[in-house]
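Residue numbers (the numbering used here), protein chains in the order written: chain G, 118 to 318; chain H, 118 to 318.
Source of the hints: derived by calculation from the structure; they are not laboratory data. We treat Cβ as the ideally placed atom computed from N, Cα and C, and that holds for glycine. Where hints are given, some of them may not hold.
Unchecked claim - Every beta carbon over 12 Å from chain G, so not counted as near; a handful from chain H, in silico:
#1 H168
#2 S201
#3 R236
#4 E241
#5 R280
Claimed, not checked - Among chain G residues calculated to face chain H with C-beta under 7 Å, some are:
#6 A217
#7 Q224
#8 I283
#9 S287
#10 V288
#11 P290
Protein chains: 2
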Amino acid sequence: MSSSIDPRATRSRDAILAAARSLLLDEGPAALTHQRVAQQAGVGRATVYRHWPRPEQLLLDLMTDVDMPYFQEPEAPVRSWLHSQLRELADAMAVPHIAAVTLTLMQGALWDPQVATQRDACLEILNERLEVALALAAANREIDISADPIDFSAILVGPIIYRVAIQAGSVSPHFIDHLIDGLGRWDVDSIRRADQNGQPA
Amino acid sequence: MSSSIDPRATRSRDAILAAARSLLLDEGPAALTHQRVAQQAGVGRATVYRHWPRPEQLLLDLMTDVDMPYFQEPEAPVRSWLHSQLRELADAMAVPHIAAVTLTLMQGALWDPQVATQRDACLEILNERLEVALALAAANREIDISADPIDFSAILVGPIIYRVAIQAGSVSPHFIDHLIDGLGRWDVDSIRRADQNGQPA
């Protein structure tokens with residue numbers, strides 16, 4: 118963080134993002150006008166304009182907070198690490214404002230090329246992380262992979278988005294296990310060995 | 118169709134729905150105002166108001182066209198029938214206005230209880246149909262099911278929505294087969310027998 122940033126500007130930026138998040142949650146993306154956001158944040162409209170000339174950019178910045186923390190730095194046994202990551206993702210998706218931002222990102226990408234670019238960047242990071250994790254699992258002989266790497270996220274994340282954001286249902290450990298099983302044939306003995314040894318080289 | 122319906126009213130209703138569909142596709146749900154829809158359809162605003170007092174209702178009627186034709190009347194072998202149904206669903210989701218309506222339905226349901234009710238009705242029909250189809254497959258000994266019936270649609274449809282509407286990617290036959298494999302253990306011999314015999318009782 119650069120020391121040249123005005124702390125007052127940071128405070129108003131944070132207040133505006135919090136206001137936008139709360140409006141999005143309560144009323145949907147149509148409420149994200151400069152006027153409503155400024156009013157809710159208790160700042161002038163000009164301040165909102167200065168940071169985000171177009172309301173869509175505000176939505177993009179809300180989204181940046183949401184998509185990134187999952188599937189980083191895999192650990193052996195990968196199977197249980199994957200389970201805990203999918204649990205965190207499912208719990209996050211169950212938070213209304215995260216579901217709202219996620220579905221708004223998906224929907225907005227259909228019409229707004231800038232949103233589509235942001236969406237594609239998120240998806241690519243997700244794919245890369247899952248490929249790294251499953252490569253580790255394969256190297257550890259935890260799994261004999263049968264799914265195509267390009268399908269990992271559709272197989273794991275697609276059903277969780279469907280269950281949480283579309284069916285408004287909850288994600289059981291059994292459901293997560295079933296999705297993980299869909300990647301290939303897991304070897305119980307190798308998973309147990311990885312668990313005892315910690316993460317192998 | 119009742120003969121008491123004024124054919125002129127039907128024509129203007131169809132024109133309004135077509136206009137709304139085209140606006141949704143080109144500009145997103147924010148464009149579905151009474152004024153824009155009336156202009157695009159070449160009818161008076163009052164006509165749009167009369168049929169759809171709130172723009173959300175127009176969106177709901179667009180959605181009614183979209184979700185229903187899949188997974189009806191399963192045939193043995195269920196596996197190949199399921200494959201062809203998922204192919205049709207994937208091809209439909211790849212049509213921009215159907216993807217748009219689907220994501221708008223999902224997103225709108227977060228804020229609008231009426232949209233949520235419509236969404237839930239669609240999801241319930243989908244679940245029921247898949248349960249019927251998989252019950253037939255199990256009765257034919259095509260499959261030893263390992264997934265919970267409540268998860269059928271999340272396992273089959275979730276990844277397809279993810280692939281088509283979120284990743285903007287295409288659905289290969291291999292991808293569909295992989296999803297179908299996720300329901301349980303399929304028996305190749307029983308599938309072949311069902312194929313030779315037509316649909317058993």
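Hints, one by one, checked against the model:
1. H168: Holds: least Cβ distance 22 Å, greater than 12 Å.
2. S201: 20 Å, holds
3. R236: 7 Å, violated
4. E241: 10 Å, violated
5. R280: The claim is violated: R280 of chain H sits with its nearest Cβ about 5 Å from chain G, within 12 Å.
6. A217: Since chain H brings a Cβ to about 5 Å from A217 of chain G, closer than 7 Å, the hint holds.
7. Q224: 4 Å, holds
8. I283: 5 Å, holds
9. S287: 11 Å, violated
10. V288: V288 of chain G check fails; min Cβ-Cβ to chain H is 9 Å, beyond 7 Å.
11. P290: 12 Å, violated
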